[in-house]
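Residues per chain, in single letters:
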Amino acid sequence: EDQVTQSPEALRLQEGESSSLNCSYTVSGLRGLFWYRQDPGKGPEFLFTLYSAGEEKEKERLKATLTKKESFLHITAPKPEDSATYLCAVYRYNNNDMRFGAGTRLTVKP
Amino acid sequence: NAGVTQTPKFRVLKTGQSMTLLCAQDMNHEYMYWYRQDPGMGLRLIHYSVGEGTTAKGEVPDGYNVSRLKKQNFLLGLESAAPSQTSVYFCASNLAAGELFFGEGSRLTVL
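Protein chains in written order, with the working numbering: chain A, 33 to 142; chain B, 233 to 343.
Rather than coming from a laboratory, the hints here were simulated on the basis of the structure.
This structure is a prediction, so every number in the text was calculated from the model and none was measured.
Taking CB as the label site, the calculated pair distances span: (1) A:Asp71 / B:Ala314: 26 to 32 Å; (2) B:Arg339 / A:Glu41: 18 to 24 Å; (3) B:Asn305 / A:Arg63: 23 to 29 Å; (4) A:Glu87 / B:Gly285: 32 to 38 Å; (5) B:Gln249 / A:Ala109: 49 to 55 Å; (6) B:Thr247 / A:Gly86: 49 to 55 Å; (7) B:Pro293 / A:Pro72: 25 to 31 Å; (8) B:Gly285 / A:Asp34: 23 to 29 Å; (9) A:Gly73 / B:Val282: 28 to 34 Å; (10) A:Ala109 / B:Thr318: 37 to 43 Å; (11) A:Glu33 / B:Glu311: 27 to 33 Å.
Under the rule of at most 27 Å between Cα atoms (straight-line distance), these lysine-lysine pairs were calculated in the DSS-like manner: (12) B:Lys241 / B:Lys289; (13) A:Lys89 / A:Lys141; (14) B:Lys303 / A:Lys74; (15) A:Lys91 / A:Lys74; (16) B:Lys289 / A:Lys74; (17) B:Lys289 / B:Lys303; (18) A:Lys111 / A:Lys74; (19) B:Lys246 / A:Lys74; (20) B:Lys302 / A:Lys74; (21) B:Lys289 / B:Lys246; (22) A:Lys89 / A:Lys74; (23) A:Lys141 / A:Lys91; (24) B:Lys241 / A:Lys74; (25) A:Lys89 / A:Lys100; (26) A:Lys141 / A:Lys95.
Where chain A lies over chain B, by a calculated footprint (3+ residues, C-beta under 8 Å): (27) 266 to 279; (28) 282 to 291; (29) 331 to 337.
Beta carbons: idealized from backbone N, C-alpha and C, even for Gly.
Chain A with its partners taken away, still in its complex shape (with noise of 0.2 Å):
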């Protein structure tokens, strides 16, 4: 069964402290991985997608990274608006889902 799972469920860092988030997947076929964040009270957000093992993309203190089992969200010098949580999901061939984990809450303390 396919399956995805983030770890740690929550992180706590202090500001400019570096970290990464993990998103392990299990599936047949990746279309392509996705993470997102999400405000409390508020819908996720799009910030990258990934498509094939190797393949890295940036923006601001973010990183995603992608292998053929997980992908990794690294975080470099965070700061306070930084805390939010972050979702992986997989887009698989033959579907039209896309399958999420159960996220990761971010707490970045000044």
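Since chain A is already given, all that's left is putting chain B on it; use the hints.
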């Protein structure tokens, strides 16, 4: 830019009552989705549509019905609400295999 708009944003129902959530998108997207989000369980797909007049079941479809009479609208119905349907509901849309655009969510409480 409105994007994806959900109504209502909040609703309280009694067990057994019925209601409809409305989702409207102005991006001319073919695909539309209804998800529910519960603590610790992430987003789970209820139903989706790949075009006007079409619907399909997702991961957790029981107790819900949907309709897509117009391309820009996707309705989610609860015929007889149960406490287990207390959740935050998100509508989303996209072009095929592209990133999802989400609405702000509809918070439903069933007493």
